[in-house]
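Protein sequence lines correspond, in order, to chains X and P. Numbered per full-length UniProt numbering, the first sequence spans residues 1 to 657. Numbered per full-length UniProt numbering, the second sequence spans residues 1 to 381.
These are calculated hints, taken from the structure and not from any lab test. No false leads were slipped in.
25 Å max Cα-Cα, derived DSS-like pairs, lysine-lysine:
| hint | chain 1 | residue 1 | chain 2 | residue 2 |
| --- | --- | --- | --- | --- |
| 1 | X | K320 | X | K424 |
| 2 | X | K374 | P | K100 |
| 3 | X | K146 | X | K617 |
| 4 | X | K273 | P | K242 |
| 5 | X | K471 | X | K486 |
| 6 | P | K343 | X | K101 |
| 7 | X | K385 | X | K574 |
| 8 | P | K343 | X | K98 |
| 9 | X | K632 | P | K343 |
| 10 | P | K343 | X | K104 |
| 11 | X | K424 | X | K342 |
Chain X is nowhere near these chain P residues, computed Cβ spacing over 10 Å in every case:
| hint | residue |
| --- | --- |
| 12 | D21 |
| 13 | A140 |
| 14 | L359 |
To spell it out: a stretch of chain P is covered by chain X in this simulated footprint if at least three of its residues, at any positions, have a beta carbon under 8 Å from a beta carbon of chain X; those stretches are:
| hint | segment |
| --- | --- |
| 15 | 155-167 |
| 16 | 231-237 |
| 17 | 282-293 |
| 18 | 306-316 |
| 19 | 325-337 |
By construction, the Cβ of each residue, glycine as well, lies at the ideal position given by its N, Cα and C atoms.
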Amino acid sequence: MLKVSVPLSQRVYELLSSMRFAVSLLTLLGIASIIGTVLKQNEPYQNYIVKFGQFWFELFETLGLLDVYHSAWFLVILLFLVISTTLCVIRNSPVMLKEWKTYKEHVTEKSLRLFSHQASLAVNQPAAATQARLADFLSAERYMFKSRQQDNGDVLISAKLGTHQRLGYIFTHAAIVVICFGGLLDGNLPFKVQELSGIKKIETRDIPSRKVPEESRLGANNLSFRANMTLPEGERDNVAFVRVRDGYLVQELPFTVALRDFRIEHYPTGMPKSFESDITITDPELSKPIEATVRVNHPYIYKGIAIYQSDFQDGGSQLKFKLWDLSGSQDGFDVDGVVMQKGALGEGDHKMTVEFNEFRQFNILNLSIDGKGKPHNVGPNTTLKLRNASGQAREYINYMQPLQLDGRAYFVSGMRETVQEEFKYLRIPADDEMEITGFMALRQTLRNDQSIRQIASEIAKQMPGDNAPLKAQFEQSLQQLMQTFKRGGYSELSKIIESAVPEAQRDQAAQTYLKLLNTTAMQAYQMSRAQRHLPPAPQDQATAVFIQDSLNAMNDLFFYGTPYYFQLKDYTLKQASGFQLTRSPGQFWVYLGSVMLVLGIFAMFYIRERRVWILIKPVRQEVLLAMSSNRKNMDLDQDFARMQQQLTTLLQTGQAD
Amino acid sequence: MNTSAPWSKPASFWQTLSAFDWLYAVLLLAGGIFSYQRYAGYMDIYEVGFLFGAVGVFSYLGWRWSGIARLVLGVAVLSLIGVYTYHGDLANGSQSFLLKFLLSSQSAVMWMNVLFVLAMLTYWLALFQKSAFTAKVATALTWTATLFGFVGLMVRWYESYLIAPDIGHIPISNLYEVFILFCLITALLYLHYEQLFNTRQLGGFVLVVINAAVGFILWYTFDRHANEIQPLVPALQSYWMKIHVPANFIGYGSFSLAAMVAGAYLLVRHNILASRLPALHVLDDLMYKAIAIGFAFFTIATILGAMWAAEAWGGYWSWDPKETWALIVWLNYAAWLHLRLMKGLRGTVLAWWALVGLLVTTFAFLGVNMFLSGLHSYGTL
Numbered sequence: 001m002l003k004v005s006v007p008l009s010q011r012v013y014e015l016l017s018s019m020r021f022a023v024s025l026l027t028l029l030g031i032a033s034i035i036g037t038v039l040k041q042n043e044p045y046q047n048y049i050v051k052f053g054q055f056w057f058e059l060f061e062t063l064g065l066l067d068v069y070h071s072a073w074f075l076v077i078l079l080f081l082v083i084s085t086t087l088c089v090i091r092n093s094p095v096m097l098k099e100w101k102t103y104k105e106h107v108t109e110k111s112l113r114l115f116s117h118q119a120s121l122a123v124n125q126p127a128a129a130t131q132a133r134l135a136d137f138l139s140a141e142r143y144m145f146k147s148r149q150q151d152n153g154d155v156l157i158s159a160k161l162g163t164h165q166r167l168g169y170i171f172t173h174a175a176i177v178v179i180c181f182g183g184l185l186d187g188n189l190p191f192k193v194q195e196l197s198g199i200k201k202i203e204t205r206d207i208p209s210r211k212v213p214e215e216s217r218l219g220a221n222n223l224s225f226r227a228n229m230t231l232p233e234g235e236r237d238n239v240a241f242v243r244v245r246d247g248y249l250v251q252e253l254p255f256t257v258a259l260r261d262f263r264i265e266h267y268p269t270g271m272p273k274s275f276e277s278d279i280t281i282t283d284p285e286l287s288k289p290i291e292a293t294v295r296v297n298h299p300y301i302y303k304g305i306a307i308y309q310s311d312f313q314d315g316g317s318q319l320k321f322k323l324w325d326l327s328g329s330q331d332g333f334d335v336d337g338v339v340m341q342k343g344a345l346g347e348g349d350h351k352m353t354v355e356f357n358e359f360r361q362f363n364i365l366n367l368s369i370d371g372k373g374k375p376h377n378v379g380p381n382t383t384l385k386l387r388n389a390s391g392q393a394r395e396y397i398n399y400m401q402p403l404q405l406d407g408r409a410y411f412v413s414g415m416r417e418t419v420q421e422e423f424k425y426l427r428i429p430a431d432d433e434m435e436i437t438g439f440m441a442l443r444q445t446l447r448n449d450q451s452i453r454q455i456a457s458e459i460a461k462q463m464p465g466d467n468a469p470l471k472a473q474f475e476q477s478l479q480q481l482m483q484t485f486k487r488g489g490y491s492e493l494s495k496i497i498e499s500a501v502p503e504a505q506r507d508q509a510a511q512t513y514l515k516l517l518n519t520t521a522m523q524a525y526q527m528s529r530a531q532r533h534l535p536p537a538p539q540d541q542a543t544a545v546f547i548q549d550s551l552n553a554m555n556d557l558f559f560y561g562t563p564y565y566f567q568l569k570d571y572t573l574k575q576a577s578g579f580q581l582t583r584s585p586g587q588f589w590v591y592l593g594s595v596m597l598v599l600g601i602f603a604m605f606y607i608r609e610r611r612v613w614i615l616i617k618p619v620r621q622e623v624l625l626a627m628s629s630n631r632k633n634m635d636l637d638q639d640f641a642r643m644q645q646q647l648t649t650l651l652q653t654g655q656a657d
Numbered sequence: 001m002n003t004s005a006p007w008s009k010p011a012s013f014w015q016t017l018s019a020f021d022w023l024y025a026v027l028l029l030a031g032g033i034f035s036y037q038r039y040a041g042y043m044d045i046y047e048v049g050f051l052f053g054a055v056g057v058f059s060y061l062g063w064r065w066s067g068i069a070r071l072v073l074g075v076a077v078l079s080l081i082g083v084y085t086y087h088g089d090l091a092n093g094s095q096s097f098l099l100k101f102l103l104s105s106q107s108a109v110m111w112m113n114v115l116f117v118l119a120m121l122t123y124w125l126a127l128f129q130k131s132a133f134t135a136k137v138a139t140a141l142t143w144t145a146t147l148f149g150f151v152g153l154m155v156r157w158y159e160s161y162l163i164a165p166d167i168g169h170i171p172i173s174n175l176y177e178v179f180i181l182f183c184l185i186t187a188l189l190y191l192h193y194e195q196l197f198n199t200r201q202l203g204g205f206v207l208v209v210i211n212a213a214v215g216f217i218l219w220y221t222f223d224r225h226a227n228e229i230q231p232l233v234p235a236l237q238s239y240w241m242k243i244h245v246p247a248n249f250i251g252y253g254s255f256s257l258a259a260m261v262a263g264a265y266l267l268v269r270h271n272i273l274a275s276r277l278p279a280l281h282v283l284d285d286l287m288y289k290a291i292a293i294g295f296a297f298f299t300i301a302t303i304l305g306a307m308w309a310a311e312a313w314g315g316y317w318s319w320d321p322k323e324t325w326a327l328i329v330w331l332n333y334a335a336w337l338h339l340r341l342m343k344g345l346r347g348t349v350l351a352w353w354a355l356v357g358l359l360v361t362t363f364a365f366l367g368v369n370m371f372l373s374g375l376h377s378y379g380t381l
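Whenever a hint applies, use it, and build me the whole structure from the sequences.
Pasting the structure below:
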């Protein structure tokens, strides 16, 4: 055998344009895409470090797994897909176009007789009449055909139907290239190149946008971008931000956007119904500013830049708090705060900063016991951070109105020490006037040494009998009980029990202690009410539950982390609207490619290519019918059977007149 | 020359239409015009386009397949009765006998569920009895289930407006509603192939996947009370939903159908039920046709989704998990079709692939909502 050596370039070309390679790429692309859906993309880097640890974070970062779809290797796969598809089109299009045009008139009788779908039919008419009838028949069946007289006197009719299917191939494959081209136009490749060559650099510092240096700014003439802008009501800006990895770039805009008003509408259920921003666009090129309303699904487009309603947040609402100093015994005092600003508390070693991070006017929660009830709006909440002198911070989320939990009303405050944790909630029972004051007054009374003595003596007095020493002893232990609870809550009590009571009797002792504690708290509550000139609380189940909840809350306060409770009393809302601004020159190409893709797919699946050859052999009074298709399937069998039957009838009918 | 051709000359399309076909189309058009006159205020220009587009599409479908025409008329009559019986008051849903037990969306959907279960059992019975009559009963049950399912959706559409005009919306906006849509589309696709291939033997297989969806609907209804109508979040308030979602479910439905046929193919390959099921080449052809139509519509759905995303999220492609998984499903079937059409691969490998394809599709449809978070967070469990 003679071995022909194929040049390398030829072999590479063969490989790249091969189907095997294309299908492998499709599979590879699929797998690569999965990675990006499993690992959350483009999170703040800190989150990855906390979740996976430094080692894995660095590995993921190096491999580009934190932003798979913009990583170099992913782009390389896409690039290969484009190359492969392009070569595929280049390689096969000439064949397809030839197939599209040709009638294949040069088949021989011998090869026709080898077709899987062929039949020999008898004919009893002159050749010319047969030919005329077949021509009528084929036209009626919408075939295009050519007839050719052969040297031996036979006539070969070559017909074709549905060869447009071949164009479907070219359309679908060209569509992929066009779509990828459009995607590339809108991708971040130009920035990547500029970053690699050192012209551009991402900014990671938290500084005002005008102070961001030139190397981290993108000009207003940037062809393609997707940037974000947050505007508080009444403010304006002419830059937007593009988030890149753990930093950002400043995108300059060829106009200024001002937010006049931001509105949220709600359904009766409390679900948001619409987000709308009234904006004003000013541009030196405009004689007067444009006023427009942007809402979800309805962007506004100016100068090729589409402005979308994307999200909203607080834009610096004013908050009024009642601040309860839990370490002291005085009543709460008024404190003001502004969202996104800071304040200072305490003095010396106890000095703390408070950061008012967020305010949400509407909170839709499902508070039903089994979780099956309807979610509803539970009113405003605010998120704040209390940072001590050494910089450690705890985050608190406080609801303004009492929430209904298990059928009772509580002031709820969540606390967590790190962002990754879930909030742990403190529940302070609301009193009969739905205020926090009842609890606070009770707590102060129960922690005041003078009141403790008074309470103990009152309860001891009510003890039946007149055994004075026993009463004195009882009074003493009540005082101790209250002091213990004041010192450290339930855990302090259980310590006492563990040290003083034999194991067998501990349960019983604990129950007795708790019962007594409840009794003292009840007494304290009535005292606190008397001091506030309120009638005594009724001796009923509701009061008992309130007392028990209050004791629980006092106990939980030992784990609250700070001696301050910020009770939100009032607010003046100021919202900020989040916009996305995009310029996307590739969109036209992507849509064009999409249209081509759909047309191509329908052409490929639903236009059936058929080729029919009818060889009229006058000498043998025979007609040879053969049919083929580029796809061998059941439809071909059926079509052939139908045509064979039709032609049999056609050719057997009596002489034409 | 003799004037009449001796073979059956193919008539032009318009000539094939019967008086019934014309009557049907005129009724549809009248319905379209009536709806337009009455509800134009609720529709934007695109939605008006969809309304009359639907008149055209369903006329054509009804002409080509008389079963659809009968279904459309049946759905119209029952839905109108249901709507009429409400008298504009939602409270009638639990008071009027007709609504409470038959035509309120909740009852109609329950009838659909029951009938799909019965249809599956009857198909399997027919398969073992080898009884043509029993199989016909199963087909009738499937049609009836489909009828009730569509009536349920139609009446639900009306009910949503009864809750409050600004809450009203087309019932394809959450998992509960699209599961019903999935059952209906899959059933219709199956009925189409049942007629095209003249075989009722696959009903038992296809109804397995439909009944899996029915099971989900029941669990979702009784355990999660998901059947309650919820208003639309702002992102979903768009005419795009009306075309994106149905196109997607034609895709999902076809892929599920193909997977069930692939299951039958593998059984026949291993000589299980081989005497009772269609021949291998028939199953193979059916599987291809289902995947082809699914692929075409899935492509359209993904493109429509991209166009919607460009309008709602500010970019036609954000690599959101749902988008990415749609791409993965698309790539999967693109590879399948390449191997089949270009390489001419047939048989067991492709059948297994179609079966595994269902897992990929199911993950894209459900798994993404359950396990991954992203922009498409409308249908959480």
